[in-house]
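These protein sequence lines map, in sequence, to chains A and B. The numbers in the working numbering rise by one with no breaks, and the one at position 234 of the first sequence is 234. The numbers in the working numbering rise by one with no breaks, and the one at position 157 of the second sequence is 157.
Incorrect hints may have been included.
[Claimed, not checked] Computed far set for chain A versus chain B, every beta-carbon distance over 12 Å:
no.: 1; residue: His61
no.: 2; residue: Gln95
no.: 3; residue: Arg195
no.: 4; residue: Trp211
no.: 5; residue: Leu213
[Said to hold, decoys possible] If the Cβ cut is set under 7 Å, some of the chain B residues that face chain A in the computed set are:
no.: 6; residue: Glu3
no.: 7; residue: Asp163
no.: 8; residue: Gly164
Everything labelled a hint here was simulated from the structure, so no lab data went into it. Ideal Cβ positions, reconstructed from N, Cα and C, are used throughout, including at glycine.
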Amino acid sequence: MPTYRPDRPGTHPDYDSPAYRSTALRHPTKPLHLLPQRLTEVTGPLFGADRVQPGDDDLTHWAGGEAVGQRIIVHGRVMDSGGRPVPDTLLEVWQANAGGRYRHPVDQWAAPLDPHFAGHGRTAADSDGHYRFTTIKPGAYPWKNHANAWRPAHIHFSLFGQAFTQRLVTQMYFPDDPLFFQDPIFNSVPDERGRARMVSAYDHDVTTDHWALGFRFDIVLRGREQTPFESEPDDD
Amino acid sequence: MTEFGATPSQTVGPFLSIGLVWADGAQVAAADTMGGIEIAGQVFDGAGEVVPDALIEIWQADPDGRFPHPDDPRGAVTYPGFRSFGRCATDATGHFSFHTLKPGRVDDEQAPHVDVTVLARGLLKHLVTRLYFPDETAANVADPVLATLAEDERARLVAVDIDGTLHFDIHLQGERETPFFTV
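Build the full structure now, drawing on both the sequences and the hints.
Here it is in structure tokens:
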């Protein structure tokens, strides 16, 4: 049975992150107990292309028309921390429209809804962990966390990987966003290198002439502990 | 070996329902499957207020204690009408519910259990807990995971049978804080 090694300290945010005010009443106050990895934890739902319908990987068309905004192609590779590809896994994404507005009753930000942008998509990685979808670059938007608070533009990602231990929900950001300095969600990640891993890279090789800008976002899930056999040098 | 740093976790935020709600999410077992059970609960914050923007996911063995997964050493099996996984967003009053089958014993040590994942606005990383069954008193006493908890904490992980529905409330914080795990 495989086991999954812990991520390096500083990789993930602390539950208690006072700068992000919503954590105040929602973080556990007691130390977490250790759940040994047994069969329930090293297995997990294996969702992939079975949850994806044709067109789910293109967010730029909805309700009979084209969404407004900068068309972008987001692609990358899902792998584990050992560098192994995570094949055939489902990626679910959701985001604000070009004006920074979500199609959600709770979002009252005074930017218009786009009648042709729903803001959610799905795709599955291929056998080598590569994924790709087309969308609109989301806008930044204000929120009430602190004075003049603005979320940097981001796309929400949800992945299952291949085990309960690999579950990841994260946000993809865009390079050189001037709003990073004041965002407590982005800055909740203690390690600067960790924060950098949430920022996509502009990718001119994927940018398509007269069509869309390309961005690359590789996603790294928890890796398995190596067995002694696997760590032996390969003589072949 | 090169080790790649993992991608950090971030909150699902308040608009998670746009991307993560599945029409069939709460149906771990098909509605007409024999022996179905209901699991239901409510999510509360540290002030005792309901949490209307959480997502609960469950992962569990089938009634034979097996998983549809290649790392189950007994081999992957599919139980008819059952998929081991469920997902349910909380409603305006913090309620969630699942239709499922009671899991069998995964091994000779652990009591029947359901792994529970909690995602919400204000949670920068998902939380993990476990649900145990109230009709498994002897197995629960012998369970090696429950054994690591204090008695009052153990009791909080055992669902309460009220009129045939298994109730499992989740308290993110406070006096009745749910015991959470790191995996």
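Taking the hints in turn, this is what the structure says about them:
| no. | hint | in the structure |
| --- | --- | --- |
| 1 | His61 | holds, 17 Å |
| 2 | Gln95 | violated, 8 Å |
| 3 | Arg195 | violated, 7 Å |
| 4 | Trp211 | holds, 25 Å |
| 5 | Leu213 | holds, 22 Å |
| 6 | Glu3 | holds, 6 Å |
| 7 | Asp163 | violated, 28 Å |
| 8 | Gly164 | violated, 25 Å |
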